[in-house]
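Using the sequences plus the hints, can you model the full thing?
Quick note, the sequences are listed as chains A and B, same order.
Sequential numbering from 1 applies to the first sequence in this note's numbering.
Sequential numbering from 1 applies to the second sequence in this note's numbering.
Be a bit skeptical, because a hint or two may be false.
Quick list of simulated restraints, FRET-style, between CB atoms [unchecked claim]: (1) A:289 with B:286: 15 to 21 Å; (2) A:353 with B:178: 28 to 34 Å; (3) B:289 with A:354: 40 to 46 Å; (4) B:325 with A:178: 36 to 42 Å; (5) A:33 with B:178: 53 to 59 Å; (6) A:178 with B:58: 51 to 57 Å; (7) B:19 with A:89: 29 to 35 Å; (8) A:178 with B:179: 34 to 40 Å; (9) B:325 with A:316: 46 to 52 Å; (10) A:126 with B:289: 41 to 47 Å; (11) B:286 with A:319: 29 to 35 Å.
Quick look at which bits of chain B chain A covers, simulated, 3 or more residues with Cβ under 8 Å [stated by the list, open to error]: (12) 103 to 117; (13) 140 to 152; (14) 278 to 292; (15) 309 to 323; (16) 339 to 352.
In silico contact screen, one side only, chain B against chain A (beta carbon under 10 Å); selected entries [said to hold, decoys possible]: (17) 41; (18) 64; (19) 84; (20) 85; (21) 132; (22) 137; (23) 262; (24) 272; (25) 274; (26) 275; (27) 304; (28) 359; (29) 361; (30) 363.
Rather than coming from a laboratory, the hints here were simulated on the basis of the structure.
As the structure is a computational prediction, the values presented were derived from the model and not from experiment.
Yeah, the Cβ is synthetic: ideal placement off N, Cα and C, and Gly gets one too.
There are 2 protein chains.
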Amino acid sequence: MHLDDLDTPVAVVDLDKLELNVREMALLMREAGVRLRPHVKTHKVPAIAHMQLREGAVGITVAKLGEAEVMASAGIEDIFVAYPIWGEAKWERLRMLSRRARVRVSVDSEVLAEGLSEAFSRHGERIDVLVKVDTGLGRTGVPPGEPTLRLARKVEKLSGLNFKGIFTHEGHIIRDFGSVEEVGEAVRQVAEKMRGTAELMRREGIEVEEVSVGATPSARIMCGEEGITEQRPGTYAFYDAMNVGFGVVPEERVAFWITCTVVSTPASDRAVIDGGTKVFSSARSSKVDGMGLIRGVEGARFAWANEEHGVLDLSSCPGALRIGDRVHVVPVHVCEAVNLWDELVAVRNGEVEAVWPVLARGKVR
Amino acid sequence: MHLDDLDTPVAVVDLDKLELNVREMALLMREAGVRLRPHVKTHKVPAIAHMQLREGAVGITVAKLGEAEVMASAGIEDIFVAYPIWGEAKWERLRMLSRRARVRVSVDSEVLAEGLSEAFSRHGERIDVLVKVDTGLGRTGVPPGEPTLRLARKVEKLSGLNFKGIFTHEGHIIRDFGSVEEVGEAVRQVAEKMRGTAELMRREGIEVEEVSVGATPSARIMCGEEGITEQRPGTYAFYDAMNVGFGVVPEERVAFWITCTVVSTPASDRAVIDGGTKVFSSARSSKVDGMGLIRGVEGARFAWANEEHGVLDLSSCPGALRIGDRVHVVPVHVCEAVNLWDELVAVRNGEVEAVWPVLARGKVR
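Quick look at the structure:
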């Protein structure tokens, strides 16, 4: 079956490109002597997680417990839940999960550490914990240095918890800068904060096994930094328009797109495709002009979208598309786009090789 | 079971408010002598569609064939597919569907009309067709007046098609204006375009049974306009932050929200909840400050979100939230938010009365 024979809209993964992306990142990390623990939020597909592990990843990263459960059910044995897991219901699920897989979890507050400790220790069980450090994103995490040391000491003292190290997500890199060329110094600052914090803790007698960072746009630069033990990039499996706009990779390296059909051409400078925010998401980015990158139609711009309609501006190429034409569109933010789909169609040279259910889609609890 | 006993994030429908919204719109239309055919894209739940029909709707509106199939399977017999359905695969599905339900479909080009005609007439079957008129949104549809007349004449001549009338979606009302107070004249212009086009067609001997419009923000004003036979509002079943911001209803009328838990309070002016763009969508609107309306926390602002994190700005109410607190958030655009959920929990006075699978979620083909 060829991609051209499938009805649209359809979410497509190019296997050659996916494999190249997965291998290249694994090689990069191997050469830098850094452990790779990819965030699977990008694809949400166990088959791709297994591909990443086969190429040398030491385990995977997820945000939600529900994602961890899906991945563990698919035979993945080493999972980092990089999220503050809160509440009795979730702690009990986490405890059950940790019997089936090697699980580590995030902590960024004393109250969370105490809750986790109580949930595990009352059963005589333990869980590995990494303390989240905020290196500039301003979301979760504690400040580097003394505050992280204080929380780590607390974790060390609590029964049921094994302190394993520290981690951060340097997501502010792509938010605060215009291109990957500009971020070298910012990436070095992130590394310095993590390294400095780990050194402070070691001087205080705390064993810091893991110093973990993670974001695709900074992954390559981060490989040049000492003292980082692990990276957790996610988007690199597919890449997306945001990464292209930031200069991380050229557009032809993107392994994911959505194939749509032109269903209306109400004017010579406008074409409407059969996919909108329900297939691309509403994600916008200062790195991308419009709602995505249109492949192979010179001058066409993805101007706006509603749920089911994508409106292409053809004013630079009037009449370039006709009703029935197929258009391949790279979304702005692939992680959000994939989360809308029940399945992805994996092709090689346009021929369908696999259909992957997006098993971790919508696992928000 | 009380809502407070459910783990978060959870998507909640308030039954008292939903019923009030559904009844009020039905009453409004009945009093205006207009048929109500709600767009079910807002809820995607057959049980709510049946509620709308019980209160007097003549049928439902959907965008995608997949949504129509779900609704027909749930016993709904009168469905308008308000979308340009293109291609042999979809025409065959549409033909099968039209044997099980009373189906009407949209046409906005000659080439689409010809394709539909061929697909139905070669089996000696027919389908009801409405011509889409663009009254200002600039998406699909043909201009009012002569161009609509020409396409209607074409549809009338083609075998397999029954011309039933014209329809528009006046979605530019909320896009182009600041508040519902400002739109009176714009709504009148939409009505005049539709009325004038219908009159032109009738003078030319074409029977125009349906003159259909549809958008929640203009629904009430449109009731004062002559010559409109049908309205197709959608969002009114729940309403959302965009409708509140536009002044369509006060915030307490919104029947849908997402309950989240505070999982991190890294600073006294910041709280992070366990829901982000994977539960709210990335939708933004000039009518809403931030990513949604936070209920019951004076001064809290939903500043930004990533997939799993919602960041609340508490600078106007430092320390107002603690880890473990529950927060109820009305999304910017409810139709996109609902499309992310596998099920909605319906409550009355906080007690769970039903759990509804979102059966038409993700039906993009």
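Against the structure, the hints come out as follows:
| no. | hint | result |
| --- | --- | --- |
| 1 | A:289 with B:286: 15 to 21 Å | holds, 19 Å |
| 2 | A:353 with B:178: 28 to 34 Å | violated, 51 Å |
| 3 | B:289 with A:354: 40 to 46 Å | holds, 44 Å |
| 4 | B:325 with A:178: 36 to 42 Å | holds, 37 Å |
| 5 | A:33 with B:178: 53 to 59 Å | holds, 57 Å |
| 6 | A:178 with B:58: 51 to 57 Å | holds, 54 Å |
| 7 | B:19 with A:89: 29 to 35 Å | holds, 30 Å |
| 8 | A:178 with B:179: 34 to 40 Å | holds, 36 Å |
| 9 | B:325 with A:316: 46 to 52 Å | holds, 51 Å |
| 10 | A:126 with B:289: 41 to 47 Å | holds, 45 Å |
| 11 | B:286 with A:319: 29 to 35 Å | holds, 32 Å |
| 12 | 103 to 117 | holds (count 4) |
| 13 | 140 to 152 | holds (count 3) |
| 14 | 278 to 292 | holds (count 6) |
| 15 | 309 to 323 | holds (count 3) |
| 16 | 339 to 352 | holds (count 4) |
| 17 | 41 | holds, 6 Å |
| 18 | 64 | holds, 6 Å |
| 19 | 84 | holds, 4 Å |
| 20 | 85 | holds, 8 Å |
| 21 | 132 | holds, 8 Å |
| 22 | 137 | holds, 9 Å |
| 23 | 262 | holds, 8 Å |
| 24 | 272 | holds, 5 Å |
| 25 | 274 | holds, 7 Å |
| 26 | 275 | holds, 7 Å |
| 27 | 304 | holds, 9 Å |
| 28 | 359 | violated, 13 Å |
| 29 | 361 | holds, 9 Å |
| 30 | 363 | holds, 9 Å |
Checked against the numbered hints listed earlier, the structure breaks hints 2 and 28; every other hint is satisfied.
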